[in-house]
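Protein chains: 2
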Amino acid sequence: MKIIIDAFGGDNAPLAPLQGAADAIKEYGIEILAVGDIEKMKKVCEKNNISTEGMEFLQADSVFNMEEDPMDIVKKRKDTSLHIALKALADGLGDAVVSAGSTGALLMGATFIVKRIKGVKRATLATIMPCENPNGFMLIDCGANSEVRANMLNQFAVMGSVYMEKVAKRKNPKVALLNNGEEETKGTEMHIEAYKLMKANEKINFIGNIEGRYVLNDIADVVVADGFSGNIALKVSEGVASFITKEMKGMFMTNLKTKIAALLIKKQLKEFKAKMDYTEYGGAPILGVTKGVIKAHGSSNAKAFKNAIRQAKIYAENDISQIIANSIVSGDEE
Amino acid sequence: MKIIIDAFGGDNAPLAPLQGAADAIKEYGIEILAVGDIEKMKKVCEKNNISTEGMEFLQADSVFNMEEDPMDIVKKRKDTSLHIALKALADGLGDAVVSAGSTGALLMGATFIVKRIKGVKRATLATIMPCENPNGFMLIDCGANSEVRANMLNQFAVMGSVYMEKVAKRKNPKVALLNNGEEETKGTEMHIEAYKLMKANEKINFIGNIEGRYVLNDIADVVVADGFSGNIALKVSEGVASFITKEMKGMFMTNLKTKIAALLIKKQLKEFKAKMDYTEYGGAPILGVTKGVIKAHGSSNAKAFKNAIRQAKIYAENDISQIIANSIVSGDEE
Chain A
-5 MKIIIDAFGG DNAPLAPLQG AADAIKEYGI EILAVGDIEK MKKVCEKNNI STEGMEFLQA
55 DSVFNMEEDP MDIVKKRKDT SLHIALKALA DGLGDAVVSA GSTGALLMGA TFIVKRIKGV
115 KRATLATIMP CENPNGFMLI DCGANSEVRA NMLNQFAVMG SVYMEKVAKR KNPKVALLNN
175 GEEETKGTEM HIEAYKLMKA NEKINFIGNI EGRYVLNDIA DVVVADGFSG NIALKVSEGV
235 ASFITKEMKG MFMTNLKTKI AALLIKKQLK EFKAKMDYTE YGGAPILGVT KGVIKAHGSS
295 NAKAFKNAIR QAKIYAENDI SQIIANSIVS GDEE
Chain B
-5 MKIIIDAFGG DNAPLAPLQG AADAIKEYGI EILAVGDIEK MKKVCEKNNI STEGMEFLQA
55 DSVFNMEEDP MDIVKKRKDT SLHIALKALA DGLGDAVVSA GSTGALLMGA TFIVKRIKGV
115 KRATLATIMP CENPNGFMLI DCGANSEVRA NMLNQFAVMG SVYMEKVAKR KNPKVALLNN
175 GEEETKGTEM HIEAYKLMKA NEKINFIGNI EGRYVLNDIA DVVVADGFSG NIALKVSEGV
235 ASFITKEMKG MFMTNLKTKI AALLIKKQLK EFKAKMDYTE YGGAPILGVT KGVIKAHGSS
295 NAKAFKNAIR QAKIYAENDI SQIIANSIVS GDEE
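Quick mapping for you: the protein sequence lines, in order, are chains A and B.
Per the numbering used here, residue -5 is the first one in the first sequence, and the count goes up by one each step.
Per the numbering used here, residue -5 is the first one in the second sequence, and the count goes up by one each step.
So that you can see chain A by itself, here it is in the shape it has in the complex (with noise of 0.2 Å):
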């Protein structure tokens, strides 16, 4: 098993993905294929002490920004280490790719580059999110598409659904659809098609729709989502989470008595930080592409490089895009 890392993505490369690797090849018994600019990556091993045993590089000459357009890395942009990372995970060279570079581009050469499941109507972005379920639960789309037709949430549903049981080990998982209302008549002439035929297919656990209000209360393991209300999900609740705690911050240092409170919690605190930490549910897959994409989170830490790793191991290892292949295939066409 080889996964092949974009060594140069992310706020704290190539250090961070470097790290990271080393930590997985001990810890998972697997390969590394690190790609960018060889002669650094070699430097920035030795100066920070980490192995490069069952290491191997390949050279990129350059690296892809965020501020690019996403389409650029499929044919102007072929020098960068994202490109040329997807380009061996296309030409067989590894199992699975992870990267913490722009979210856009590695959409852009997962659907381009490894190329769309046959069948797939659109590859899509899915994410962990941290809930009363202490494993979290899956939102799908989260961002990559605005605009979608109700047979594609429906496929959306199948491909989370497989990776939330294969993964994530959740067992049946239950499918619910992002909506304004429980009643199967809320929302857009969109929601109410993809709710008809989410609710047919027999291939998904589907447990109707979920109101915003409740989607972190464990009750669905797979939330489907247009890729538009699905990134307002995401976000609104990154900003509110991140707005209570910079307030309770602010709570714990009002004064003296306050501070001590602050001491005699810290244990609790730190353990409720760990459960909303993002490091600890690893990266966002991209399903409906024909091998395993990982996007780790643009700030990701080593730890958080070593969480996408393994997820990307688990998702070659159980042959996801073979699955969702063989789920979509027999069935989805229209």
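Hint data in this document are derived by calculation from the structure and do not stem from the laboratory.
Please read all numbers here as calculations on a predicted model, not as lab measurements.
Just so you know, nobody snuck in bad clues.
One copy or two, either will do: identical chains are not told apart, so a pair holds if it fits within one copy or between any two.
When the alpha-carbon atoms are kept at most 27 Å apart in a straight line, the in silico DSSO-like pairs for lysine-lysine are as follows:
(1) K69 x K180
(2) K180 x K70
(3) K297 x K261
(4) K168 x K197
(5) K115 x K69
(6) K240 x K168
(7) K72 x K37
(8) K240 x K261
(9) K243 x K269
(10) K243 x K260
(11) K269 x K240
(12) K81 x K69
(13) K109 x K180
(14) K160 x K20
(15) K72 x K180
(16) K109 x K197
(17) K267 x K240
(18) K243 x K261
Once you have looked at the hints, place chain B on chain A.
Same frame as chain A, but now just chain B:
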């Protein structure tokens, strides 16, 4: 100034509306027209020592239930306190209406009984949400119109702006469009078109797109959204706040040490709770109709109801509907 209340709408009716109304009469020097079963209302006032000075009553034989089809408010259910309250407003028996009843029915009733302002394409529901600014920000539309066109969002922007300037006394309110990125090319075709219209609109202080991540950061006074993603934003933020509150309660109840911590920080926790409390922010205005219609939260207590009545009073005093009518008619027509 006479405010009409639907005394039988909401979870705590008729006690909370009547108590809130009596408090509002005392505090704001207004009159109240309370609509509902007169005998029952009088009994509740007597039993709870609620003064009926400044209060008139108008008979309604039944109550509109949350489960009923909102459309029925217009013709089928003319005997309900909600219909009769809105009819009384349309007939000039009072200056504004407050109800904690069915949001959908209130919106339908406002649109078809009180009637839309000429030129307004859709009446909309706005809400004030807690954020870093202690007075909150407005989210418009927060759930009334799932499917909208760009010119409707542009009208929401104007209406929200007028309301925040005149009722919430926010000077030259900053207006932003809820979107999945900051660039003007973000979102669906509809959002891109809405961005252009709002940018060209001289009646508003448009500051561009805002991501869900930043809505609580006191960047915009008015956040414009289509009703679908507005509903998702509102409900997800309620869900996350409720989730974190629950987790915090658990933390503080863990053991003796954490219980002492809770005591030490009690005052600050209470203040924070008040900040997040919807009752402090009053009700949600329905904008785009010819007179003031305020939706109080379904679970409003007397205080929330009193605050909603205060909003209704300021709305009527400032003739907000007329200002909106002038803003819309003088340029937004295609």
